[in-house]
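Trainee: For reference, the chains in residue letters:
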Amino acid sequence: MSVVVTTVARFILPFMQLFGFYVLTGTEGPGGGFQGGVILASSFILYAITFGEGVDERWLKALKSFGLWIYAGVGTLTVFYSLFRAEFLNYSATFLSLIVPHPVARGILIADVIEVGIGMAVFASFVSMFFDVVARGDGSG
Amino acid sequence: MGALIEHLPVLAVAVSLLGSFTVVLTSLYTRKAGYPLSLSVTFIQLVMAVAILMNINSGGAISYWLGGWRPPWGIEYRVDILGAYVLVIVTLFSFLATVYARKTVEKEIDPEKQPYFYTLWLLLVSGMAGVAVTGDLFNLFVFLEIASLATYALIAMAGKRALIASFNYLVLGAVGISFYLLGTAFLYAATGTLNMLDARALLTLIYDSRIVQLSFVFYFIGLAMKMALFPFHVWQPNAYEHSPSAVTVIISTALAKVNAYALFRLIFSVYTVKFFQNYGTIFELTAIVASAGIIAGSVLAIMERSLKKMLAYSSVANVGYIVLSFTLGKWGVYAAAAHLLNHSLMKAALFMVAGGFIYRLGIRRIDELEGLGRAMPLSSAAFAMAAVSMIGIPPSAGFVTKLFILLASLDTGRFVFIAVMIASSLLSLVYFWRVIEILYMKGHRERMDELPASMLYPALIMGVLSILAGILWFFSIDILDEIVIALGVV
Amino acid sequence: MEPAFALLVPFIGSLLILITGRYPDLRDTISVITAVISFLVILNISGSSLNSESVLFNIAPGIDFAFKADPLGLVFALTSSSLWILVSIYSIGYMRTLKEHAQTRFFFCFAMSLFSAFGIAFAKNLITFYIFYELLTIFTYPLVAHEESEEARSAGRRYLAYLIPSGASLLAATLITYWLTGTTDFTPGGFILGDPEIVKLVFILFLLGSAKSAFMPLHSWLPTAMVAPAPVSALLHAVAVVKAGVFGVIRIVYYVYGVDLMKELDLGVLLGIVAAFTVVMANILAIGETNLKRRIAYSTMNQLSFIILAASLLHPYGFLASVMHIPFHGYMKITLFLCAGAIAAIAGKHEVHQLDGLGKSLKFTFGAFTVGAIGMSGLPPVAGFISKWFVVLTGNIWAIAVILIASILDVVYLFPIVRNGFFRDGGGSYNELGGFLNRYMIVPLSITALFSIILFMMPGLMHISDLASMAMQEVWGNELP
Amino acid sequence: MLLHGVMGVVDILGYYNYWGFVILLAIGLYGALACENLFKKMVGLSIFQTAIFLLFISIADVGTFETLGLKSGTAPIFWEEIHEYRYVNPVPHVLVLTGIVVAAATLAVGLALIIRIYREYGTLNEEELRWEL
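Chains as they are written, first to last, in our numbering: chain A, 7 to 147; chain B, 10 to 499; chain C, 943 to 1423; chain D, -6 to 126.
One chain only, chain A, in its complex shape (with noise of 0.2 Å):
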């Protein structure tokens, strides 16, 4: 890659990053836990273009699960924590209730953690989507 490129995507890529994490967590701001994977994912991709280095396959599927789960096990916890007193996704009615009082306030807690896990979810799909359809020229896609 020319130097432009490289000079310029090591400029724009913490703050890429940055404003990715600050989109992230969007229960109380604008974004979420989708636009910030994608800005995440885009980050890295463009990291890819630039410098040419590869992912292991193994760490992108372990995130993707891995996000999947915390967004579904989190709810399916919350059921099961509170006894089967609160429902599923029901945030307010989770742990950490000794740490934050406050169900509204453990909520929106709760809620930003899941969206760290869609985000983990969707960074790690679209980076491999990436991988699939421009970095394997031969493969079965």
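Calculated from the structure, these hints are not laboratory results.
Take these hints with a grain of salt, some might be off.
[Claimed, not checked] Derived pair list, reagent style DSBU-like, types lysine-lysine, alpha-carbon separation capped at 30 Å:
| hint | chain 1 | residue 1 | chain 2 | residue 2 |
| --- | --- | --- | --- | --- |
| 1 | A | Lys67 | B | Lys116 |
| 2 | C | Lys1010 | C | Lys1205 |
| 3 | B | Lys122 | A | Lys67 |
[Said to hold, decoys possible] Just a sample of chain B residues kept apart from chain D, beta carbon distances all over 12 Å, derived:
| hint | residue |
| --- | --- |
| 4 | Arg40 |
| 5 | Met63 |
| 6 | Arg79 |
| 7 | Val184 |
| 8 | Leu211 |
| 9 | Leu294 |
| 10 | Ile304 |
| 11 | Ile311 |
| 12 | Val425 |
[Unchecked claim] Partial list, derived from the structure: chain C residues whose beta carbon lies under 7 Å from chain B:
| hint | residue |
| --- | --- |
| 13 | Ile1001 |
| 14 | Ile1080 |
| 15 | Arg1095 |
| 16 | Pro1107 |
The C-beta atom is built at its ideal place from N, Cα and C for all residues, glycine as well.
Go by the hints and put chains B, C and D onto chain A.
Mentor: Relative to the frame of chain A, chains B, C and D by itself:
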């Protein structure tokens, strides 16, 4: 709240969702975990579904507020007797298809991709389970789409021609689901709610509104595309023919029923019979389309030479039965509800055996089946029993449906459907008996190994059940009674 | 004992046959034992628990899946079950002599066919009747197409092509009846009511639904089905299938429509014309037929339509004639078929002109054949005379004329076989009682021939005449002449 | 009479977003079903789905057309005009968000299939591919 049983609807969906992510996780270490995980997850779901059904038998519906948000603003999962019944059908056939899947997947799918196969498989199952439990129109769309997207990918896994079949399915399926969304938009514009129960109440005032009528038409077109009702069936035969055997089994039994159930739900729980009394033309049209589908599906099946495609066309005809039953009053509901299960029983056995012939011998064409009746007696027996049931010979499962539909058309005084039903059962005699004749009465083959146990026994059980169901239905007719009462069709 | 037991026995028996398929001796023993037990159960029912019912479950409001052992049904059941014993012994000999394939399937379907026949006999209402009617079609198909040649397959196809649509017609008629009356239970004297035009239409549907009784023009499945092995032909054409057809006609005429309604709507005349036409035409066709079994098949059509004709007279004696002719014809016709099968198995002869001189060596076979031929022609001292005499007693001049013509034609095409067999030369000589297996065939056919004569002298055997007159009283009540 | 006609035209024009919806819907449906190139089919499908999203957004704007109909609701979601509450219903927006995700997923699966079909057969023409089935 406070009891596990209240949470079962959502857990039945969540467990396979979690399972599907777990399969991906485990695939980092081993490729063998997919099958046992899927098997246990679908079994747990089956147990949950049966528990729900048992519980609902004794009292009303389970209403579940997702995330604690009160409907109609939050998403409500609402399982009444019909939903529980469909959930049992979905989980039962998912479980059986999973049992069946093992050997065919080992043979048909690239080892590297087998974990993905089971991931998508469980995603498909959770989508279908979600449709059965949800009480929200938009949520239903999401679950249908989850199931459909998983299906597209699963079909494509067979490679080669399956890619094209899958793409055709994708285009028509996506257009269909978009029509569903369009219907939702119109309904939302008219009522301002997405909750089925709420919409039902609000619609009572505006049955005459053109927007409401139009929304039903869009719903109908969209779901007709998804479930391959006659003029929209073009994607289906190829998709069934080229997809992996296990996928054919699950989509022909569970997924097709889920789509039919969505229409069932819309007609009887959202729009209600009163709407159609005010606006009878649409019911007449529906009945005509369904009848055309019954006849056309049967005729196309007669012309078909490939076994799986022939069965696919027979499915087109049978979807016609279900949709026709919707328009035939109380007995029609009996027929439709019974046929959701009956058709799955029969088609499961038929597709399992058809897939088994491909697995063991690579045979796809009907005229190559010569002599298999004595070469593989048990598999052929399963096929023959299910085929006899499809024809509607008493006392099989198919006969029960036929009887209910005939009673329904007598009851509503629409005698033309008697002729349609009888014509269709005679046509199905032609195309199914052709197969039976070739299996048993033609050619000779040496005795060969039966299918592997994991493929044979599900097929055999389904075959026997498709005969016995005809009798068993009359012992468990309470479920049908309760469905009719719950839907308020009298 | 409840009638459901009579169904349970052959059902369990057939499953046992399927399981023990690998051990032919055990399987064949079970087959015979099942036949014997069924017969004893049915005999017990006819003696001790007449009119007992067993209700299994409810199908729809007003329709139960139920059985009732009424006199008419018992006559049919007794005929079938008693003949089944002999035929199952016979078929062991026949199948083993010819080393047929797929014997397990054969015996299984055989037992299931009898199961269905008992179901038809004991059905309490039209729906139950219909269910077993269809089952009978399905389970006799593998028997018809047993040979697995192209000819057999095409015969099988034709068999289904006639009988399944006919079954659909029966179903439609049944449901319309249900719609009209809210019940389908057979009632002596009839229960159907409604608009005369609809009722007439339903009768036509019922008639189309009785294609099993092989009246013209719905007869052509019967001669082609003759490609089946001889025991099957015997079963089909003397016991289960065609008798189920005529039994159904009697049921519908007397237990659904009733004498009064039939007279009022002139449906008896319609039925009589169809039957009379078949009686004469079948005999004329039989004269031109050269294949022995097919010739006998035409004779079957003639005799079946005789039963329908007698029933259509709507006269107590006519009813009696038709009911009594079910067992009588069963015994006589099965004798003829078993003889034809024995000739085919022992001498390998199928055509009529090949039979010259065979009577000299196959003495028992041709002796039995002679008895059957006499019975067919309605001459004493064979049972066929009794039923024809009852028709004469009704005094209906047209019916008597038809029967006379038919009997003369019967003589024309059956007696030359007897004459040529005994008095012409040629044909070679065979050892009739030579092989062990041959006796399995000769003994049953001798017994049926014997019983054809015994039934003439003692029509009360197995309660047959009692049951028939009880049925007559049921239908006519106190208005008997 | 003339005024009536003018007002009619204004009324019709006032529904411009609905007209957009109808036109896009027709274009998209035609593209998805009639185009021979598989890729164009996917494009058509996307247009079709977008049209529906447009409809959702349009119906979210509650109470606009009582006046002239040319104004569309914007954030803030609630505000008070002279004598009526005007607001934009947020639910359809949420639905559209979900719908977009679903549509994107469909598109992704479709494109993945197209790539594999192209690798397998070297063509994306539907007529040519039909012979393969």
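Trainee: Which hint numbers doesn't this structure obey?
Mentor: 7
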